[in-house]
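Asker: Top to bottom, those sequences are chains A and B.
All residue numbers for the first sequence refer to our numbering, where the first residue is 10 and numbers rise by one.
All residue numbers for the second sequence refer to our numbering, where the first residue is 1041 and numbers rise by one.
If you are wondering where the hints come from, they were derived from the structure by calculation, not from laboratory data.
Quick reminder that beta carbons are idealized off the backbone N, C-alpha and C, glycines included.
You can trust all of the hints, since none of them are fake.
Mimicking SDA-like on lysine to any residue, the simulated pairs with C-alpha atoms at most 25 Å apart in a straight line are:
no., chain 1, residue 1, chain 2, residue 2
1, A, LYS46, B, ILE1229
2, A, LYS46, B, ASP1234
3, A, LYS46, A, GLU192
4, A, LYS202, B, PHE1086
5, A, LYS221, A, GLN285
6, B, LYS1189, B, LYS1275
7, B, LYS1268, B, ARG1054
8, B, LYS1226, A, VAL94
Coverage of chain B stretches by chain A, computed from C-beta distances (three or more under 8 Å per stretch; other residues unrestricted):
no., stretch
9, 1093-1103
10, 1225-1233
11, 1242-1253
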Amino acid sequence: MRLSLPEEELMNSGHMACQGCGATLAMRYVLKALGKKVVLCIPACCWSVIDGPFPYSSLDVPIYHCAFETAAVSASGVKAGLEMVGDTETTVVAWAGDGGTFDIGIQALSGVAERNDDIIYVCYDNEAYMNTGTQRSSATPYGAWTTTTPVKHFKNRPKKDMEAIMAAHRIPYIATASVGYPEDLFKKVKKAKDIKGTRFIHIYAPCPSGWKSRPEDTIKLSRMVVQNANFPLFEIEWGEKYILNIKPKEKKPIDDYLRIQGRFRHLTKEEVAFIQEEVDKKWERLLANVNGS
Amino acid sequence: MGNHALSYGAMLGRSQVIAAYPITPQTQVVELLSEMCADKTLDATFIKVESEHSAMAACLGASLTGARTFTATSSQGLTLMHELLHWASGGRLPVVMGNINRAMAPGWSIWSDQNDSLSQRDTGWIQFYCANNQEVLDTVIQAFKVSEKLLIPSMVILDAFTLSHTYEVVDIPEQEKVDEFLPPFKPEITLTPDDPHAFGGLTSPEHYFELRYKLQKDMEKVEALIEKTGREYEKIFGRYLGIVEEHLCEDADLIFITSGTMGSTAKVAVDELRKEGIKVGNLRIKVFRPFPFEIVRNIVKRAKKVAVVDRNISYGHHGMFFQEVKSAVFGQTNGIPIFGFITGLGGRDITPSTFREIAQYAQEKEKPEENIVWIGVKK
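So that you can see chain B by itself, here it is in the shape it has in the complex (with noise of 0.2 Å):
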């Protein structure tokens, strides 16, 4: 499942400390964890903490002491740590998180949507949203090598359910393999007696101006470096992550945005819709932070028109989706009309027929009417 393909990355990459609390639907990430520390299949120390801030908290610890760290997470515990996501990049510590997308309550849910993860976007963690277990695992390796490099965090994002407790087959990497793509975690100065300093302290007006720079700086370092990451990965394994995963978008009138499970199951509906004539495409985005504005602005702009699909909601805005690619384009595609679709909220099903509603949408409207198009809410 997903989820232990969230434990299996963690696990090759050497990960040592993890600290991690439960949450449905993570559970299954930390239980495996748990079981490969007992048995010392995985050489690292598992705090037990009693709550998410905790989780966050001691990994930053561990990782200022140059120790590899990873947490998983969702939700209400991924919100409960939003002020350590900003601990985490401001103190450029490069923890590696699972998050397992799930809606956030009230009412209860525990099912998928993407407020979690979208509601940290301005934290400074570079994100991955991954479609299928054999990325998530694949992610994971690559994105401690990322982390480690330009020292930002990462989240590896999956849906609740539809990924999370997925079963499928994926092919799990050598160890010796992985360890010559991702070598120790080495950073220059640790929280050492031997080196004393002091981490985090008062920063006057006089410098955190630049810390802030330099962190933005190294964000746009990012997506670069997941190319080049990614390229190195698949010279040894075969597989190739990306940015984003094109999917019939070179012809296509209509290309639909998407991210996450859905996009494969956009995949399926482009397929289909194919068959009938229909020139759609999918452009599924894989990091939404750095947002890939070139890439994505290179590729709407071959479209007729685009449907960007949001499984999220910025609340008095719009799908954060849609936000996103419509910055990336302004004033340079030539007014191509971009819909904005909100669907699938709190694990509500995304199937082929979604897509075909969606199409059919924008197929018959010249421009967008409105700001959200609502595909499958009970009015």
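The following block holds chain A by itself, in its conformation from the complex (with noise of 0.2 Å):
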């Protein structure tokens, strides 16, 4: 049998993630893809916890846990440091969830970003701060129920778009991944790793505990939100050239994604057919960008 990722784990069991969860197939790819010649800075983030407690750690590469807002710069930093200290090979990663992605680091990543440091950031979203309890972050989902987002006031606006920003930058490389397509994910972080500059993969990571989904519906959703292009696989070339990577031969409607989610059940037969709408306009300016370029 010819296996299509590499057999090599580099991460232990033992680790302190929940079951079903999203996050934890990411960096088990991400690292089967990247190889042991690897840096990883995390700031606070469900991944702070899973590694495991002083003097433990679930990885066999390096970790620096760095503060919540300085993934990316902490990154550029060590970067600096082993070049500086002889040191060229080394992939240096920030890995970081949506909240310090989207909310809190983006400050930082835009520096990084604009100044084209040489680093791979992955942000790992599972739509929320999942780590304190599930609470609204910019990449929540219109519709979406948080600890501060009630069902009464359930999450009003649209998710931040995160790779119009990134491209923005005019970085060499912006992919995203959904950890249903590990195949995919795959490919996109060997390409990743031999690119010099900033690189940005934002891969979907379902979060049973905080989607209030079935654990065992992890991989399901993480197909489905690729079938149904509410989360296209892409990738985007210095910010002008887009590569669609999977298009669904029938986009799927959303309300079956949303109907297996508990954060998404109170919404209205109005309410649905909005966020419907929401992604089929998102999918055609996708096609637009990438049937332009």
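With the hints in hand, could you dock these two chains into one complex?
Answerer: Written out as structure tokens, the structure is:
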């Protein structure tokens, strides 16, 4: 049998993730693509806990647990330091959640991207502050319940378009990925590894405890979200060239996806229809970008 | 200028990664370092970050790999870094940073006072306060050595404009001699895939306490190390840094306790007052953290009265040097009156006549009647 991913595991059992955690799968696949010559900079996020408490670590690569808003620039500092002490080989990765990327870390990330510092930035996106118990972030989608957007006051603003923001920085490589498509994710990380400059990879990573979904639905959700074009898989080179990686043969409706997540349970038919409209518009915009490049 | 003295200190110390953000009155520090990096006078990577917070974050990441790191800031920039100052000391990362003392807004002020750096006093950084440009340069080089030996970061502090922008003749040591004094930074454990560790992860009550205990225990070694390092430096370069500078304290009835450039002004005032037969002396404190309790106590013991002059204030309390001096001598000086003066906030000039006024007040009063005596304020 030919394996589509390397057998070597750099993430070990004994980590502290919840059942069905998408962020854990993301790390496992990304490390398979990057290999051992890696340094991770992890700010406050689920992964600052998942890795395990001092003095343990579930990863076979070194980690710098850095301050919440500093993932990107900590990685820049590490990269500069390694080069100055004679290590030009190691890939330095900032590994942050959506809060650390879309919200509190966006300033440092923008600075790194504008300078095109030579790092890979991975955002594993579980669409809210999950480590603190499901508070809304600017990555939380329209309509979602969180503990700070209660059902009566669900989130009434769309998810921030992080790819567009990063594209505006004209960095060499941007990719979206989903833990439901490990080969695609693997391929993108491999590609990113060989590029110099700031590379941004945005990984969709379900959180059963925060989304009120079943742990066994994590893979299902991370495939559905691609098939219904709510989280399409694409790449952007130098902020201009858009490449669509998976084009659903038939774009699925959003409601099946929403229905299996408790965080959307309160939505009325009209609200679901509105979400569908927004997904369609976003999809059309992406297709226009893909066709135009 | 003082700012360039910082740059030369960073260059001679062979800083490897510099990350900084511009703020008045620090800009010349980073402008000169940018040029040094650009023309390869200094083999360093300069990361031109988008904020002071990121400046410190980049230095911390680089320091963890074993690179020597330097940054400089002031006032709002320093206080923006506050979170990461704790990170530096807690992570035992020996970053050396220049800070130009500038008053905190609002209202906007670019002029000197010490509230920016003194409000960082509990962050676990060594704090050096300088009085002239030579001292700035010499302190940076020594700070690298002290910091890297004990893995505690250092702040080299100078007054806005009165030092940062004032030109003085400075002896720039030869690189070879500096290299002899300051070997490359080689920490035992670094962030590298060759020997993977997780740094700074979740630390339970089982372990955290000991980490802080160790930081304090090493902080307690700083004073002796500054002394030793200072003597080594003196042997090569002929200048001794030290913890405090005494000026005619031996037989003084009244001792001024000062810091930064006002310490030089105080010396001028002391000389003038001595000519008039008033026996005053000046004790300039060069190292605020760790605070030199014993040294201060032993000098203060000789005086009849002590006047602590603060260019800072802890609101709801007193001047911060005043607090420290009182705590240093508490219960051990047989009730020598210690007066606390606050002056020069927001860059109002401190001149020899300021010290005359202070001396006059201290002479007239038998003991302090209030905890803050304001000098030069329009009440």
